[in-house]
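Chemist: Sequences listed follow chains A and B, in order.
Using this note's numbering, the first residue of the first sequence is number 1, and each one after it goes up by one.
Using this note's numbering, the first residue of the second sequence is number 1001, and each one after it goes up by one.
Hints are computed from structural coordinates only; laboratory data are not their basis.
The beta carbon of each residue, even a glycine, is placed where N, CA and C say it ideally should be.
Worth double-checking, as some hints may not be accurate.
Label-pair distances were calculated between CB atoms; the ranges are [stated by the list, open to error]:
(1) Gln104/A - Leu1016/B: 19 to 27 Å
(2) Ser84/A - Val1358/B: 29 to 37 Å
(3) Ser84/A - Pro1019/B: 15 to 23 Å
(4) Phe83/A - Gln1372/B: 29 to 37 Å
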Amino acid sequence: MNLLMALAVGTLFGIGMFQILRRNVIRSAIGMVILSNGVNLFLLSTGAYDGVVAAYTTASQQISDPVPQALILTAIVISMGGFSMVLALLYVLSVRYKTSDSDQINELKY
Amino acid sequence: MSPVLLITLPILLPLLGAPLAIFLRRNHRLQSYFALGVSTLALLVSLWLAWTLRSQPSGLVVQLGSWPAPFGISLVADPVSVFFLLMVQLVMWSGFVYSLGSKEYSASYPTYYPFFLMLSASLSGAFLTGDLFNLFVFAELVVISGTVLTAISDDRYGVEAAYKYFYISLLASVMLLLAVGSLYIAYGTLNMADLARRISESPDNPYASLAMIFLLAAFMVKGAVMPFHFWQPDFHTAAPTPVSAMLSSIVVKLGVYGFLRMSTLLFLEADALAVLRGVLIVVGVTGVVLGGLAAIGTFNAKRMLAYSTLAQIGFILVGIGWGTEVSLAAALIFSFNHSLIKSAMLMIAGYLSSRAPVKGATFTNLTGLGKQLPAAGVLFFLGSMALAGLPPLNGFISKFWLFKSGVEVDRLWILGLIGFSGLLTLIYTLRAFQKIWWQADETERQVKKGDSLLAPAFLISLCILFGLWPERLVELAHAAASWMIDPAQYIALVLGG
Chain A
1 MNLLMALAVG
11 TLFGIGMFQI
21 LRRNVIRSAI
31 GMVILSNGVN
41 LFLLSTGAYD
51 GVVAAYTTAS
61 QQISDPVPQA
71 LILTAIVISM
81 GGFSMVLALL
91 YVLSVRYKTS
101 DSDQINELKY
Chain B
1001 MSPVLLITLP
1011 ILLPLLGAPL
1021 AIFLRRNHRL
1031 QSYFALGVST
1041 LALLVSLWLA
1051 WTLRSQPSGL
1061 VVQLGSWPAP
1071 FGISLVADPV
1081 SVFFLLMVQL
1091 VMWSGFVYSL
1101 GSKEYSASYP
1111 TYYPFFLMLS
1121 ASLSGAFLTG
1131 DLFNLFVFAE
1141 LVVISGTVLT
1151 AISDDRYGVE
1161 AAYKYFYISL
1171 LASVMLLLAV
1181 GSLYIAYGTL
1191 NMADLARRIS
1201 ESPDNPYASL
1211 AMIFLLAAFM
1221 VKGAVMPFHF
1231 WQPDFHTAAP
1241 TPVSAMLSSI
1251 VVKLGVYGFL
1261 RMSTLLFLEA
1271 DALAVLRGVL
1281 IVVGVTGVVL
1291 GGLAAIGTFN
1301 AKRMLAYSTL
1311 AQIGFILVGI
1321 GWGTEVSLAA
1331 ALIFSFNHSL
1341 IKSAMLMIAG
1351 YLSSRAPVKG
1361 ATFTNLTGLG
1371 KQLPAAGVLF
1381 FLGSMALAGL
1391 PPLNGFISKF
1401 WLFKSGVEVD
1411 RLWILGLIGF
1421 SGLLTLIYTL
1431 RAFQKIWWQA
1441 DETERQVKKG
1451 DSLLAPAFLI
1461 SLCILFGLWP
1471 ERLVELAHAA
1481 ASWMIDPAQY
1491 IALVLGG
């Protein structure tokens, strides 16, 4: 499980980083989402699967840690809000600048 | 008032006021006065909290939902947090006053005041919380409300600036989350006091240095520190005036607060602390030089002031980097005075740009307009003297204390740096002053009706007040610094041991 998690987090980070560095603003925004999902998976791997049953139940086996799950729930909601904000801004940008090339969205110089 | 109310009200009042203000959107006048009222209440509660702390110097703590300390979220009002809280609420209040008198179109949007209140709530929350993940949530709220307020700006480049800021800040939040995750793996807790205790028990966990680097990067972006400052001048230029005054003065202090907590509470192991302080001093000195030089090369009053923030934050970082009691106090005094001066200066720049025939803060646009606006000239002159650090204004007090702490740790080069930066500051502010108030206007333009000068006048008079009678401020800062020097007090306060 740990190896699988590490591989998944690594892959998501790799793809996300690659996409972030692209010139197209839409692709780089999607890269940001992939990256934040990679981070969410990293948070999950900090201990959510250490136990076998859910926390706060009557089962007597080893319980899994509820804190990382609470953390990613919050992080997912925040990154969802952040991404919708990014999309809204991108929409206005595409209307005003008529381009998705980040090199051409450069009118703020002085 | 009970401690629970005292600590939660500075966050809760604006947080609840924001949705209530949306319901008042039909009546804009009522909405703006409602927002000002909420902000006044929050300021009064913060003052009350500071007053309570005088008789109870060990600080107050609230465990939300009555969960005991390391498990629940604690709100901590120690001298450091309260110092920053006072600063935030004071400057936010003046921002509301400026918005009331502002003729900007964006200030009449129905969601303008709700997001302004949200900014206030999230900043107070970020300074009061004792939980690292909660800090992330509040920091994200600061970013989102700041972005919305900039994206609705009258400036047509507002959206571009907002996108740049939001994108970079999302990356910074990713860093912050990675740090949170690393610390959780290593130490199994996110409460800052508990983290500090456990890190000092086993400091050579490899995840600790990883978390330190991620936190450093995240707070550098939040505080617009030198290598990560590139979004800041654009953002502060394009934002509506009251918003840019808030962003350039108190929002960047979030990074400063983060560095303070990192270097006096979390990472106290000798090697890590040496690296952290070394990095802070290096980026601080580079920021002072680069910010001053870049401000000289600008053609826009607001952009000039944004670069000057870079230089001033550099001084604060040098103070944190030395890490002695006096230098920490100097960093706090510097932060407080800088937020007063910088918000006042940006408001004056916005006042001028709103009165110019063609709106905008570029020097070509403002040249020669000052003849018709003499009151703003007096305030701008006083503000630039304070920024350069000349007595009897409060900028002198902050630079004096920084110099004093430099002498104590035998770093006399700080005098050269202060002198150099003061010279650069005088060059760029007086160049702006000369262009706007002394140069003749060939085209004989008439100024139009614009923003009110009440809020910058209030802030500049505070600058004079704190320049002439700085004792109370210095006392508060010293109390906070002597509190920070001994992290065991913070741990004992939160964990109740």
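Chemist: Can you list which hints this structure breaks, lowest number first?
Modeler: 1, 4
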